[in-house]
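*Asks:* Residues per chain, in single letters:
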Amino acid sequence: MRAKQSPWIMAGGETTREVDLADLYAAHYRTLVGLAALLLGNASRAEDVAQDAFVKVATRRVRLREPDLAVGYLRSVVINDCRALHRRGAMIARQERRLTAVRDEASAEESALGAFGRDELVRLLRALPARRREVVVLRYYCDMSELAVADVLGISVGTVKSTASRGLAELAASMGGRS
Amino acid sequence: VTDSLDDDERAIRDRLVAAVGLLTSTQPPLSQLERRIGRRRRQRLVVAGASICGAAAAVVAIILVVAQLDGGRSNRGVEPGRTPSPTPSGQGPSASASTGPPGSAMLKSFSATSVSFVDAAHGWALGDGECADAASRRCMAIARTSDGGQTWVAIPAPDGLTTDYRTCGNNGVVLQGPCVNNVRFVDALHGYVYSNRAMFMTADGGATWQQQPGVTATDGAYAVVPTGSGVARLPELGDCDGACRSAVEVSSLGSSTWRDVTPKAARDAQLRSMNLLTSGHAVVLFGYEATSGAPALFTSSDDGNSWTTRSSALTVCSADARLYISSIAPDGAIAGSCDSSAAGGAALFMIRSTDGGATFTRAGLLPTSTLSTSPSLVSANASTFFAEFTNGLQDVLHGSFDGGQSWQTIQELNAPGSAPALAGQPPSFTTVNVGFRLTDPTTLWTTADGGRTWAQRPIR
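Heads up: the sequence lines are chains A and B, in that order.
Quick note: the first sequence uses the working numbering, first residue 1, plus one each step.
Quick note: the second sequence uses the working numbering, first residue 180, plus one each step.
It should be emphasised that the hints constitute simulated quantities derived from the structure, not laboratory data.
If you're wondering where the values come from, they're calculated on a predicted model, not measured in any experiment.
Every residue, glycine too, gets a C-beta built ideally from N, C-alpha and C.
Some clues are possibly wrong.
[Unchecked claim] Under the rule of at most 16 Å between Cα atoms (straight-line distance), these lysine to aspartate or glutamate pairs were calculated in the EDC-like manner:
{"no.": "1", "chain 1": "A", "residue 1": "Lys56", "chain 2": "B", "residue 2": "Glu213"}
{"no.": "2", "chain 1": "A", "residue 1": "Lys161", "chain 2": "B", "residue 2": "Glu213"}
{"no.": "3", "chain 1": "A", "residue 1": "Lys56", "chain 2": "B", "residue 2": "Asp185"}
{"no.": "4", "chain 1": "A", "residue 1": "Lys161", "chain 2": "B", "residue 2": "Asp185"}
[Unchecked claim] Just a few of them, taken from the derived set where beta-carbon distance is under 10 Å, the chain A residues facing chain B:
{"no.": "5", "residue": "Tyr25"}
{"no.": "6", "residue": "Val55"}
{"no.": "7", "residue": "Leu69"}
{"no.": "8", "residue": "Asn80"}
{"no.": "9", "residue": "Asp81"}
{"no.": "10", "residue": "Asp143"}
{"no.": "11", "residue": "Ala150"}
{"no.": "12", "residue": "Leu153"}
{"no.": "13", "residue": "Ser156"}
{"no.": "14", "residue": "Thr159"}
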């Protein structure tokens with residue numbers, strides 16, 4: 001097993017490179033929104049989840065060591081927050097039904113949200129088991145290597161390979177069957 | 180990574196990127212994120228401030244409770260001029276800080292028969308209420324308060340207690356289990372529930388109870404009182420015709436071993452109608468000699484290990500008056516009364532001693548009442564006395580704050596129902612200022628100013 005490198009240094013510790021939050025935000029915000037949206041299968045909370053990840057980075061009492069490690073941390077925060085939101089899925093669904101009921105006209109942004117929710121691939125993705133969905137999204141949407149996915153999810157590379165393969169086959173079969 | 184993907188994988192990747200394309204077409208300005216970060220930091224500051232305030236308040240509360248417990252112990256019964264004793268064995272600081280088992284909901288219609296406090300905050304009430312599993316039945320229960328009687332919780336009582344506690348079998352009723360009708364706690368962990376039929380002890384604040392051995396077939400006690408080093412009890416009053424003995428027993432806290440410390444002269448005189456009073460290390464044993472009927476008084480300043488006969492001090496009353504020693508205050512002042520009305524006299528005097536029973540002086544006439552001919556007399560300190568009259572339907576409490584020279588009416592109570600329901604219990608004091616009084620089965624009164632004013636605390 002590889003020893004996982006901590007992305008953090010204690011405040012006041014020595015470091016060679018400080019992480020710039022503005023750079024991180026500019027480079028990775030959109031990807032993290034997409035990651036959250038695909039994991040949730042729902043776009044309404046994706047921006048919140050992504051912004052929360054950056055807030056957590058900014059308000060940590062220890063500072064980030066390396067930008068690359070910081071991105072991994074941000075992804076981990078998004079994944080964990082999405083899992084938590086899934087656990088509270090019923091509550092969110094109720095909330096959204098209420099919002100839908102009181103709004104007469106959809107804004108452009110809401111149209112985008114709706115289009116995302118109606119996307120066939122997103123619906124198929126939403127039907128996958130949580131672990132399989134996470135592997136597929138990290139591997140193919142985030143362009144992460146099998147090793148990196150294994151690291152973020154805390155599973156073996158072999159599990160990443162088999163899970164990604166099954167997820168891909170399932171998506172392909174579903175899409176092929178409907179086309 | 181992209182280069183290593185095969186065609187199917189690339190196709191899925193492209194579909195995924197396309198699906199989120201619209202969502203990620205725009206990015207909020209960094210300032211929006213910075214505002215959110217600012218809000219989070221402020222929230223953290225508020226939470227941290229609240230946590231620090233909460234922790235500080237908890238520390239202060241713990242210090243106050245410990246100080247009250249220590250103050251209650253040291254104030255209770257230290258004789259004038261005496262230094263408070265070291266903490267009795269088994270009663271270290273950790274024992275004082277603990278308050279026993281967690282409480283549960285009180286039984287409905289709880290009705291108290293006896294109350295005991297160890298300081299201004301911590302008290303216990305013994306009584307009965309509707310059983311938790313069947314409202315039609317009554318169950319014995321013990322309630323505990325940690326805030327001077329404002330709120331109460333139930334703690335475990337000994338198993339199998341009978342609810343016939345009003346008679347405890349003394350009227351011939353065959354009891355279905357041990358009977359107790361008094362509660363006395365010595366500190367937050369060590370307490371006793373008892374009657375003349377049975378006695379139980381807890382050393383863990385009421386979580387568990389052990390039945391105590393006695394000197395008679397029924398293993399009970401007529402009085403259980405704290406001493407400076409443990410607890411003392413009267414296993415008999417000495418009133419039974421030759422079948423029982425006059426005895427005083429002591430035990431260390433948490434122990435089920437009782438040691439007979441009866442003064443030899445008291446045993447020889449077969450003392451009757453005994454009264455056992457304690458205040459710190461001071462112990463007072465009063466009774467009447469079986470043959471002559473003369474009052475006899477014995478005092479101890481070392482928890483009953485050695486005794487001094489003080490009967491000669493009782494000549495303060497005329498020979499034909501009925502003398503009774505009824506109370507010892509937290510400051511060691513002993514109070515009693517001389518009743519010469521039965522002998523044709525007209526007066527009911529109060530007598531008191533402020534030197535541990537060596538000498539007594541008359542301290543004025545006691546008040547009179549149509550409710551009863553003789554009051555229950557207690558002393559809160561050397562100059563504060565209370566006389567309580569009741570007939571079961573009405574209760575009047577008189578107080579004197581000038582050593583018995585003058586009296587004023589403190590409370591006049593009527594029974595809450597039509598049936599005689601007043602407890603008829605005079606006040607008890609844990610310190611010279613802090614006292615409590617159970618006036619009816621659901622009403623406790625507490626004082627923090629030596630009995631001048633009283634606050635009502637329903638027990639429920």
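*Asks:* Each hint: holds or not?
*Replies:* Hint check:
1. At roughly 12 Å between alpha-carbon atoms, Lys56/A and Glu213/B fall within 16 Å of each other, so this suggested pair holds.
2. For the hint pairing Lys161/A with Glu213/B, the CA-to-CA distance comes to about 39 Å; that exceeds 16 Å, so the pair is violated.
3. At most 16 Å may separate the alpha-carbon atoms for a hinted pair to count; Lys56/A and Asp185/B exceed this at roughly 36 Å.
4. Restraint check: the Cα-Cα separation between Lys161/A and Asp185/B comes to about 13 Å, which is no more than 16 Å; the hinted pair holds.
5. Hint status for Tyr25/A relative to chain B: holds, with the closest Cβ pair at about 6 Å, below 10 Å.
6. For Val55/A, the shortest C-beta to C-beta distance to chain B is roughly 5 Å, which falls under 10 Å, so the interface hint holds.
7. Interface restraint check: Leu69/A against chain B, minimum CB-CB distance 18 Å, threshold 10 Å, status violated.
8. Annotation: Asn80/A was flagged as interfacial toward chain B, and the flag is violated, the nearest CB pair being 17 Å apart, outside 10 Å.
9. The criterion of a C-beta within 10 Å of any C-beta in chain B is not met by Asp81/A, whose closest approach is roughly 14 Å, and the hint is violated.
10. Look at Asp143/A: its Cβ gets to within about 5 Å of chain B, closer than 10 Å, so that hint holds up.
11. Contact between Ala150/A and chain B, as hinted, is not supported at the beta carbon level, the nearest pair being about 13 Å apart and thus beyond 10 Å.
12. At its closest, the beta carbon of Leu153/A sits 16 Å from a beta carbon of chain B; the interface hint therefore is violated under the 10 Å criterion.
13. Because the beta carbon of Ser156/A sits about 18 Å from the nearest beta carbon in chain B, more than 10 Å, this interface hint is broken.
14. Checking Thr159/A against chain B by beta carbon gives a least distance of about 17 Å; that is not within 10 Å, so the hint is violated.
Violated hints for the displayed structure, listed by number in ascending order: 2, 3, 7, 8, 9, 11, 12, 13, 14.
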